[in-house]
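Novice: Each chain, written out:
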Amino acid sequence: MNSRVVNILVPVISIIIGLIVGAIVMLVSGYDPVQGYIALWEGIFGDSYSIGNTIRQITPYILAGLAVAFAFRTGLFNIGVEGQLLMGWLAAAWVGYAVDLPRIIHLPLALLAAAAAGAFWAFLVGFLKARFNVHEVISSIMLNYTALYVMNAIIKQITDGGYKTETVAETATLRWQWLRDITDNSSLHLGIIVALLMVLLMWFILEKTTRGYELKSVGFNHHASEYAGMSVKKNIILAMTISGVFAGLAGAMEALGTYQNASIKAAMSGIGFDGIAVALLGANTPLGVVFGASLFGSLKYGALNMPNAAGIPEEIVSIIIALIIFFVASGYIIRVVLEKMGKKKEAK
Amino acid sequence: MKKRKFGLLISTVVAAGAILAACGSDDDKDTSNNDTASDKGKEEAGGDFSLAMVTDVGGVDDKSFNQSAWEGIQEWGAENGLKKGEGGFDYLQSASDADYNSNLNNLIRRDFDLVFGVGYMMDDAISEIASENPDKMISIIDSTVDAPNVASILFKEQEGAFLAGVVAASMSESGKIGFVGGAEIPVIERFHAGFIEGAKAVNPDIEIQVKYTGVFDKPEQGKITANAMYSSGVDIIFHAAGATGNGVFSEAKERKAKNPDSNIWVIGVDADQYEEGRVDDKNNITLTSMLKGVGTAVKDVADRAKAGDFPGGETLVYGLAEDGVGLADSRGAIPEDVLKTVEDYKAKIASGEIKVSEKPAK
Chain A
1 MNSRVVNILV PVISIIIGLI VGAIVMLVSG YDPVQGYIAL WEGIFGDSYS
51 IGNTIRQITP YILAGLAVAF AFRTGLFNIG VEGQLLMGWL AAAWVGYAVD
101 LPRIIHLPLA LLAAAAAGAF WAFLVGFLKA RFNVHEVISS IMLNYTALYV
151 MNAIIKQITD GGYKTETVAE TATLRWQWLR DITDNSSLHL GIIVALLMVL
201 LMWFILEKTT RGYELKSVGF NHHASEYAGM SVKKNIILAM TISGVFAGLA
251 GAMEALGTYQ NASIKAAMSG IGFDGIAVAL LGANTPLGVV FGASLFGSLK
301 YGALNMPNAA GIPEEIVSII IALIIFFVAS GYIIRVVLEK MGKKKEAK
Chain B
1001 MKKRKFGLLI STVVAAGAIL AACGSDDDKD TSNNDTASDK GKEEAGGDFS
1051 LAMVTDVGGV DDKSFNQSAW EGIQEWGAEN GLKKGEGGFD YLQSASDADY
1101 NSNLNNLIRR DFDLVFGVGY MMDDAISEIA SENPDKMISI IDSTVDAPNV
1151 ASILFKEQEG AFLAGVVAAS MSESGKIGFV GGAEIPVIER FHAGFIEGAK
1201 AVNPDIEIQV KYTGVFDKPE QGKITANAMY SSGVDIIFHA AGATGNGVFS
1251 EAKERKAKNP DSNIWVIGVD ADQYEEGRVD DKNNITLTSM LKGVGTAVKD
1301 VADRAKAGDF PGGETLVYGL AEDGVGLADS RGAIPEDVLK TVEDYKAKIA
1351 SGEIKVSEKP AK
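So the protein lines, in turn, are chains A and B. Residues 1 to 348 (the working numbering) are what the first sequence spells out, left to right. Residues 1001 to 1362 (the working numbering) are what the second sequence spells out, left to right.
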């Protein structure tokens, strides 16, 4: 078996194993797996409404995945994407309703504000790491909580005790009526274009620029990079900041696209943490992140239809979805098995 | 080396299977309930009036708000000979606020005649969906949506909470009582304001500790808060915190179990939470519960909608006078004389003689 076949087979087989184990769970708990999976499929691709909402769900996952992947490529574990995302969410929502500008300036400004807020939140982490050698995992986890409560406090402050900001202005929204019309009033918005542009941007930075080469090099071996004359500290700060830009934009997708406001959160949104899995599924490459996000987003959105159309309780659905992702993520095991089988054949 | 990895794979799968089998058995009892749902499509709508609801993040078994709405729907369905599922009644749960829109839309697409959104957080989703589906009847609980096809249901929580405050202040031995709220939002502030005014009405010197946990779905936070309050001498806690309040109950039950003579009570919220307070055969720490007639309101709106008199565009307010709020049977925990005081205040509030504030004084 050559390596290309293995590369294609691994994800396919892992998804199939995930589906089979999920089916066993449904059988054991007394539900019809065929109906369950039909409901899942319909929930993702069933009609234009589902497709629209699935793409909407994928959008922030792409950006959160890029944020984590970018940091990983430079040897940093940005577990603070969640906090950076929340700051971006808040900034975008605020600029979205508080200023009055023509659309051509307003929307980009709101996106920029989100990017800047996310970048600032991540810059803090990068700075602490570069200057004081504070481990980025600790500082970014702590900043997640800080972000959550700062966001809640600010929303309370600017809305006079309310729990959500005003709806963003027509000039700042990512929603576009035409997109909603062709998808039967789903909440699909223009954010997917922003997300795909960022995929290109990340690829470009990493593969086509000197700076990107330096960033990757620091990721591979920062001692060697330093010896080669690169500034490790500068690169750490820069890498975190760019990672934060992606995370902040993920927040803007929610603020300007899905929700059209920012509201007080009882807990983290979870998108940032799922972004870690998305990045790992995508092997930290820009294109891989798109696939990882598509899988995550589709399953997450499609799962809503399982209680709706097949009467399977939410708890069972969560187990099934987690299992599918579990098996996809443990593709290494399957790769080992496949290679072993390949070798046996060769021996014959 | 490789053999070992293959063994690992097998053992992982087996272990997963064993764990999952255990999970499955827990849900067996639900299976029968859900059969009708999975048989969907076999039954025709048949001209019957059908209704459904979307829960907020608390879930349908939150032992309070969502649950009472769902029980109201089930009762109404039983009275009208409906079955769970297509063309009858059903619910969908929301795991996060991102799900409201899709869940509401899914129910509308399944052609339920009347769809309820339970919880103030659904207002944006409902106003959007109402304008996209002007011919559908939708109802929101605890918030107002201004649309001709939406009936908004509100409650005067402050009036029921006032009575809870009267009971707590009359029954407290330590002179210290507590209030545990979920998020600091208008609905919960009404509970808060009413409770304080009721307590001060019978005992102006009473000490009232107030704590908002900020969340409705974290029992562990309710437990910590209750622990702090009881430890500082509070003997009666009124909670308005959904599933977070379940932690208040577990803390009170632990204390009561350790020391059966202690004067420890919880006042429940939304539904009759008597069962929640059961310590053993002799002891129960639920003093009473402030009932919020979500189920009654749901049935009311359903009746009117079925009769062709759907109150679209209106805001229905249920208070003491309308029997929309009140106190649950205390099963002997509250002595006669206190109950009499409660009745007095109830009459005064219902007649409008006492007006209860909607916002706590700062």
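These are calculated hints, taken from the structure and not from any lab test. One or more hints might be untrue.
Think about it this way: if two alpha-carbon atoms lie no more than 25 Å apart in a straight line, the pair counts; the simulated PhoX-like pairs of lysine-lysine are [as the list claims (entries may be wrong)]:
(1) K234/A - K216/A
(2) K164/A - K1359/B
(3) K1200/B - K1359/B
(4) K1176/B - K1136/B
(5) K156/A - K1258/B
(6) K265/A - K1223/B
These figures come from a predicted structure and were not determined experimentally.
Novice: For each hint, tell me whether it holds in the structure or not.
Specialist: Each hint tested on the structure:
Only pairs whose Cα atoms come within 25 Å are accepted, and K234/A paired with K216/A is accepted, the gap being roughly 13 Å. This hinted pair checks out: K164/A and K1359/B have alpha carbons roughly 19 Å apart, not beyond 25 Å. Restraint check for K1200/B and K1359/B: satisfied, since their Cα atoms lie roughly 15 Å apart, inside the 25 Å limit. The suggested pairing of K1176/B with K1136/B is violated, with an alpha-carbon distance near 50 Å, which exceeds 25 Å.
Our distance criterion of 25 Å between C-alpha atoms is broken by K156/A and K1258/B, whose separation comes to about 41 Å. At most 25 Å may separate the alpha-carbon atoms for a hinted pair to count; K265/A and K1223/B meet this at roughly 21 Å.
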